Structure formats: C-alpha cells, structure tokens
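Chemist: Each chain, written out:
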Amino acid sequence: MNDRIEFNDVSKFYGEVLGVNRVTLTLPPGITSLVGPNGSGKTTLMNLMTGLIRPTKGSLSVMGMLPSSAYEFFRAVGYCTQFDYFPRGVSGWDFVCDSLLLHGIGKQQARQLTEEAINRVDLAQAAKRDVAGYSKGMRQKVRLAQAIAHHPTVLVLDEPLNGLDPMARAESLALFQELGKQGMHVVISSHILEEVDRISDRVVLMTGGYVIAEGDIHQVRQEVRDKPMQILVRCGRPEVLASRIFELDHCVEARLHNDGAGVFLRTQDVDQFYILLNKIVTDGIVQIESIMPADDDANAIYQYLIGSDGGQA
Amino acid sequence: MTREQVASMRKSFIEQPWRLWATQIAAVVRLETRRNLFTWRGAWVYFLAFAPAVIIFIHAVASNLRFETISEDTNVLAAIFQFYYLRLGIFFGCLGIFARLIRGEMIERSLHYYFLSPIRREVLLVGKFLAGAVRALLLFEFAVVLSFVLMYLPFGAAGSQYVFDGPGLSQLFSYVTVTALACLGYGAIFLLFSMLMKNPAPAALMLMGWEFISSVLPPLLQKFSIAAYLKHLLPVAVPAQGIFALLTVNTEPIPQWFAVLGALMLTAGVLVVSCWRVRTLEISYTTE
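Chains A and B, in that order, are what the protein sequence lines are. Under the numbering used here, think of the first position of the first sequence as 32, with each following residue one higher. Under the numbering used here, think of the first position of the second sequence as 70, with each following residue one higher.
Don't read these hints as lab results, they were simulated from the structure. Predicted, not measured: the structure shown is a model, and the values here were computed from it. Quick reminder that beta carbons are idealized off the backbone N, C-alpha and C, glycines included. Just so you know, not all the hints are guaranteed correct.
To be verified - A partial selection of chain A residues facing chain B, derived with a Cβ cut-off under 8 Å:
no. : residue
1   : Asn78
2   : Arg119
3   : Tyr241
Please construct the entire structure, taking both the sequences and the accompanying hints into account.
Modeler: Here's what the structure looks like:
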C-alpha cells in the first residue's frame, strides 16, 4: 500500500458536459487545497476520489485502494460533502452515531467515537437536538464530525468553511492543520483562498475541468514565469533602491509603499532580481529590513492563471 | 470445473466476512426501521393495508351482527384478499415502501451517507431490502390477520370452530404465506425499478398489466410473474363473475412447494440484478 492519492488520466463527463478532463495527479500526505471557480471540477474530483461517481476514463486510487473495496476504503476515508442535506428526523448525535454503526462496530464504541467527534467540533450542547433546527454553521460542523468520527487517514472536505462564523472557521482550520501534521491526507476545496493558502502544503489549481497547476504554492508561483512577480522590500531610502532596480530589463514596475518605508517591485526574473539585490546590499547602498513576496499566495496565482479573483469565484 | 477450482471457490466463500456483513445488515435494518416504520409521509400505505379491516369491522357493526353463512363470508374474505390485497393493496403498498428505499434518499439527497460508509453496496442493498420487507410484512401481515379475525369473530363459537377445527387456520396460513411472498417479490421488483428510473410509477403500472395478463402468457413467460406463482397458493378459489373475471388468473396447476420456490427464486433473481445495479449507481443529485 502506498501513501498517495493518485489520478491517472481521469476524465468524467456528465453526458456531454465535462466534469474533469485528463487529470493526472499524485497527492502526498499533508494538506492539499483544490482551488478554482465554480464549475471548475473541484467537487467532481472529490466525488471521483470517494467513489460517489465513476470516471468515464482513466483510473484512480487512494493509498492504493479503490472505492469498490468499500470496507477497507471507507474505513480510511472520510468525506464531508457540500450536500447540505440529512436523513429526516435525526439529531446530530444520531446522525454521527448511526454512521459509525454501519462500520459494524459495537454500540458502546460507536457512542464513544461519537462523543469524541462531537466534542472535537464543539457541538456537544446541540448534539441531541434535531438537525433540522440547526444553523448552517452547525450543520457544517455535524457533517465534519461525521467525516472524522471514525479516525480516517484521508479526509476530503468540500467547502468545509462555508457557513462558519470567523471563530468556528479559525477552529476548523486549526483542526485541519493538526490533522495534516499528524500525517493525514487532508484535501480541501474552498473559495476562501487566504485561509487555505495559510494552511496548505500544496495547491491544485483548476479551471474548466482541467488542472492548470499543482504543487507547493511557492513552486507554482515560480512556474508562472511569464507573469511578473511582485516583491515588497522594506528598506531605508526606497527611492534609491527603486531607481537601481529599474535599471534591470526584467523589472517592469517599482512603486513606493504608502508609508514611504518600502518599495513594491515587479520583476519577470526573480532570480536575477535577488542577485542584484544582494549586490546592492553588500555595496551598502541601502539597508534592507525585510523582503517578502507580495503576490506569492494562492489568490495571486489564481488571478494569474485563471484570470479572475479567487475570492469572488 | 475441476475439483481444485471447486475447493478454491468453497474456501473463498467460507473466508468472506459473513459476520461483519450480518452485523452491517442488522444495523441498516434497525436504522431504516427506526426512521421509516411510522411516518406521516407513509400514512397512505397504512390506509391501503387497513382499509379492508375497517370496512369489515364497520360492516359487522352496521349489520347489527347479523351475518351470512361462514362459507359466504369465507368467499368474501377470499375475494378481498385476491382482488384487493394482492392486486392493489400489497402491490401499491410495496411500491410506496420499496421504491423509496433508494430513490427516496436520492430525492432527499441523503443517499451518499450510505455510499460513503464502509459497507459493500450489495450488503447495503440487502439491508435496505430487508428493512422494507420488515415494514411491508408487519403492515400487511397484521392487516390480513386482522381482517381474518374480524371476519370470523362475530360468528362466535361457530367461527371459532371453523378456524380451529375446520379449514380456517390452514387458510390463514396460506394468506400469510402469500402475503409474505407478494411483499418480497413486488418489493424486490420495485426496489430495482427505483434504481433504473427516476419515476418508477409508469413501470409499476406496466408490471400491473403484466401480472393481469400473466394467465394468458405462455408457460415460459409465466415464470416471470409473481401472480402466476401466488395463484397456486390461494386457499379459496373465488368464482370470477363480471368485471372480476378480468382480474382472475388461470394458470396451469403446479405443486405448492414449486410455487413457493418459484416466487422466491424470482425474488432472488431480481435482487441479484439490483445488486449489479447498485454497484454502478452514481450520486448525481442535480439530475434528480
């Protein structure tokens, strides 16, 4: 058994409508974010990964397992879908506990795991109430509890932050981070790019059913060579730095920061830029306080590659 | 097939996780029964099941406990069973119960919770079928027994003698058996229909037509009719008159054990096809 999620030339068509096309991906353990606008194929990819739909072409496996081997597969996989629906008349507790009983475990163990999962998403007080009376955030939480209750090693989360208040969002992100650090696969799709950006080990960018980039966010940014990269340099005498940098062919923009204590630079060759910057520093022309990529996040990459604002997608 | 192959198949069969599957099936049955046995949504099925018993009761009270002969009422009960329960009540009741098991959850968008559980889809299907069977059998067996009791109770000692010392108990046993076979057979078919088409009602009406004409079908085709098997298990032959003649099935006589086995085999065959179907079933709620 390997520890990867693998897609091998996977395509899915709904009749004549494209879901995803020719996706070849290998996801190692850690937190992976699927990023893309509505209809880009994120949910289709997740549904394929968990066997809710079958590929029209190609093959995929999760840690060497196929969804058709249901017992082994779904003991290892938890999926919090985007479908905000529940069986009629169940309480949050019953919803989680019933799912666990389907694993074939005893009632006592099911109750224990249910309590643990309910507490983990901070829903203990409302657990015995009917799900129909829950707020959207509570429904999201109880679905998350159901997905993690059996201690899966692969957790697939489709828009898991939808409907959560800022506090719950922060708690959920901390939970995902903790699970990722434990060596779990956590696959998240979200439109809230800044948040997934912060916790992701890698990102898969999708549009129109195609994967257009994947890998570590910084690596992906590096790969987008044809787009100028924006860097914020905090320094004294930023105007001098700007004028020196502008001497380079690949520098397309230099703009002083509003507070006058830094300069935004846009360069098409980041390696050459850093070589020059080193020289400027060693020559003692300016004193550098900090250097940071100003657009080396998922949102910026998203805009470059997809041509729209990820936050509004 | 060689002896080694047979031994290998036997070994593989024994090594299957039967205990786990049994536990999972029991969990599905408990879950489904708890959620669906008594619901307002299913009230029309209770009406279908208990309407004849209510009518028999009202008739008993309204006629001021003056009854015809036991033999006449035996024919009335047989007619109610054959023309109402078998053709309409159990048929449409099973449509309501079994078609909801999978399709209903697809409409309510909650089927994926089952599909994301570590349970083989075939095991899930058997669990769902048994849950439907429990509900259908509880309802219709109870309703049929109640109708039987209400029919003979007003006769007092004569009724008691007919039931316990005459052919009554044997007839009741036949009604119970036929009800069970009908529930299982139609249940399996409607479960399959619900996975093959979004609206199983038109197919159910076609099946109803098929069951009506099964008596005039060639013997080979009669093997694919539940009604054709059940006909041989009915304890009392009702003389067909007028429009009821249209509802009467006249088939070649076959032994009762063969009829029971045939109905069960047909049910099992449909369930096997359902198992194949459920393995390939995809969750695409947007098309529901």
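Chemist: Under 8 Å, Cβ to Cβ, is where Arg119(A) needs to be relative to chain B, so tell me if that hint holds or is violated.
Modeler: It holds, given that the least Cβ distance between Arg119(A) and chain B is near 7 Å, below 8 Å.
Chemist: Tell me if Tyr241(A) is really an interface residue toward chain B, meaning its C-beta lies closer than 8 Å to one of theirs.
Modeler: With Cβ-Cβ at 21 Å, over 8 Å, it is violated.
Chemist: Is the interface hint for Asn78(A) satisfied, with its Cβ closer than 8 Å to some Cβ of chain B?
Modeler: 7 Å, holds
Violated hints amount to a single one, hint 3; each of the other numbered hints is respected by the structure.
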